[in-house]
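K.L.:
In the order they appear, the protein sequences are chains A and B. So the first sequence is numbered by the numbering used here: it starts at 2 and just counts up by one. So the second sequence is numbered by the numbering used here: it starts at 2 and just counts up by one.
Hints were generated in silico from the structure; no laboratory data involved. Some hints here could point you the wrong way.
Because identical chains share one entry, a pair is satisfied inside a single copy or across any pair of copies.
In the EDC-like style, the derived pairs of lysine to aspartate or glutamate whose C-alpha atoms are separated by at most 20 Å in a straight line are [claimed, not checked]:
#1 Lys156 <-> Asp280
#2 Lys298 <-> Asp280
#3 Lys156 <-> Glu269
#4 Lys298 <-> Glu288
#5 Lys298 <-> Asp228
#6 Lys80 <-> Glu185
#7 Lys109 <-> Asp318
#8 Lys156 <-> Asp232
#9 Lys298 <-> Glu287
These figures come from a predicted structure and were not determined experimentally.
Protein chains: 2
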Amino acid sequence: MGGGATDPVDRSAQLATLETAPLGPYLLFLGDTVEQGYAKTAFGLCDWAPDRCIGELALPGATVSTGIPRLSCREAYAKGARALLIGVATPGGAIPQHWIAPLLDALKAGLDIVSGMHARLTDIPQLAASAEMLGRRLVDVRVPPAKIPIATGRKRSGKRLLTVGTDCALGKKYTALSVARALEGRGVDVTFRATGQTGIMIAGAGIPIDAVVSDFIAGAAEMLTPDASPDHLDVIEGQGSLFHPAYAAVSLGLLHGSQPDMFIACHEPGRTHVLGYPDFALPSLEELISETVALGKLTNPALLCVGVSLNTSGMSDQAARQLIAAESDRLGLPVADPVRGGRTFEQLLDGCQG
Amino acid sequence: MGGGATDPVDRSAQLATLETAPLGPYLLFLGDTVEQGYAKTAFGLCDWAPDRCIGELALPGATVSTGIPRLSCREAYAKGARALLIGVATPGGAIPQHWIAPLLDALKAGLDIVSGMHARLTDIPQLAASAEMLGRRLVDVRVPPAKIPIATGRKRSGKRLLTVGTDCALGKKYTALSVARALEGRGVDVTFRATGQTGIMIAGAGIPIDAVVSDFIAGAAEMLTPDASPDHLDVIEGQGSLFHPAYAAVSLGLLHGSQPDMFIACHEPGRTHVLGYPDFALPSLEELISETVALGKLTNPALLCVGVSLNTSGMSDQAARQLIAAESDRLGLPVADPVRGGRTFEQLLDGCQG
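Starting from the given sequences, assemble the full structure and let the hints guide the process.
P.N.:
Here's what the structure looks like:
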């Protein structure tokens, strides 16, 4: 265990703090992309953080647009942008040579650069040298912070809510964002805590939890959700699933380090097997809830399921309403689809405030 | 989840193979150490892999000796050594400047260099250049292999046994080594699979599982224990504990990826709390066994506890014998201390062959 188990210095270390200056606001960089599918990140940012998206910048030949104003780096800076966000993917995950000049322009105009691509900005010598000289940040959001302490298991002040799921990619991020926004609207002192790259870009801060070395994963979750005032609520983006044959360790480390007081169980009705793993059946919501309580109580014995979030995007209004009502009756818990909102979602929020 | 969940290429990748040429046999490097406590690695190697330890090499001023022949690099090579193993720690984990010349000598004499120190051999330009030129390996055993695939969850051929524990540092490695050796003595086709640095040095191969990025931990365990003939047994060194507030994720990823058919539950009688975490009580052996079965059955529904290993090093012979008998009665399982061996250990081995 990396020497941590016998090295008291590691464990008694102060929780490191996340980079204090948040990322953005953003100028969305679209490269020369001609396929909308490659611009998922840019569209996601416009959907979830429109107030953080000042404009977009595309190279000649690009046909994709998010519909927000087209601005030069200088214009964007003047309007308040502080980072160029690479909002498109490339087929191999690399940064093409002809992007370097516009990226250097962004640095010169006063913008940091934020990327979620596989290739690291800091590995490109011209960008690294220019950023160093100009005092700008190159932020690869797939890269976790350098100094993550071993988890202490110490109970922290403030409240925490985690979204957990029966599988990957079925609404844990969406649910956490929706709940955080809605509670903020109710006047709750709440912070969305991002654990994946898109979430980090939306929030402007966070830790890519699945990129953390195994020994430090619970420590990273502790670092992400530090001590807070007693009525402050962290709403933490869940990752993976405790029932996933490849990613359960990520989910468990996040659960243990987060020490949540509450969780929302997320599921997509109709999904029967782990995405891409046809031999692995999904657990029932009851199994997910009882397993999360059983494992999560190690670091927070008071852990409670406050409700269920169903991703009913594939269903008709009526069918979704009926299913939500039936599941709520069956489980004896608030059940809602945050996208549909409404009375059931308000009841789910009530539970998060309870 | 690092894109793995949506990228079929990752999942269908062939299992990468471990470095094919095993490490060693070794010349143990003791530096100029004057405190026996710093030479734990060297003594551990002499205890567990005496046939792989050809000799020792110390610098002027050293007062520590393992008792095996003192040899120069050339003498050691002539006697079959193929790697210099750094068998001592330094206070800061760094490689002192005055070690560089003897390490370069080792490379020239035909030896690889193997290190478990925090500082990486490959980060020392003189060593890197010389090793490159001479075709030698610099092996930092804390560094996992470069290409670890995402876990597939696919059932593999052959049999697997994992040691699990109520805590860190109470005999999981020792138990796995003892069981593997003893079964080999019975003629079983068995391989000890190392998951920590000392184990890797003893075995000459392995993966430092707690240094693997979280997304890949189950994949690393799959890679470590590949398909084998139906009667082959992998005995896998466990790590951490499912009940550890910092390291449970490591234990779960190792459990899921190993897909063990059998496990041995390890415990140190008298230890009541997690080492260094006085607020965390250890689970009972019953809790450890039922939790391991509950979580492990995700990737191997046939998972079975075949016995218990007790570290009774702090007890008298008689007290240990009585406790072993009482625990065996209470749990209805073979219970033994592999260090003490005897009839109870033979019964534990019988269970591993069952």
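K.L.:
Now tell me, hint by hint, if it's right for this structure.
P.N.:
Okay, the hints, checked on the actual structure:
1. Lys156 <-> Asp280: between (38 Å within a copy, 10 Å between copies)
2. Lys298 <-> Asp280: between (29 Å within a copy, 13 Å between copies)
3. Lys156 <-> Glu269: neither (32 Å within a copy, 27 Å between copies)
4. Lys298 <-> Glu288: both (15 Å within a copy, 14 Å between copies)
5. Lys298 <-> Asp228: within (19 Å within a copy, 36 Å between copies)
6. Lys80 <-> Glu185: The answer is neither: 26 Å in one copy and 72 Å across copies each exceed 20 Å.
7. Lys109 <-> Asp318: neither (50 Å within a copy, 75 Å between copies)
8. Lys156 <-> Asp232: Intra 15 Å, inter 47 Å, cutoff 20 Å: intra-copy only.
9. Lys298 <-> Glu287: both (16 Å within a copy, 18 Å between copies)
Going down the numbered hints, you'll see the structure goes against 3, 6 and 7, while the others check out.
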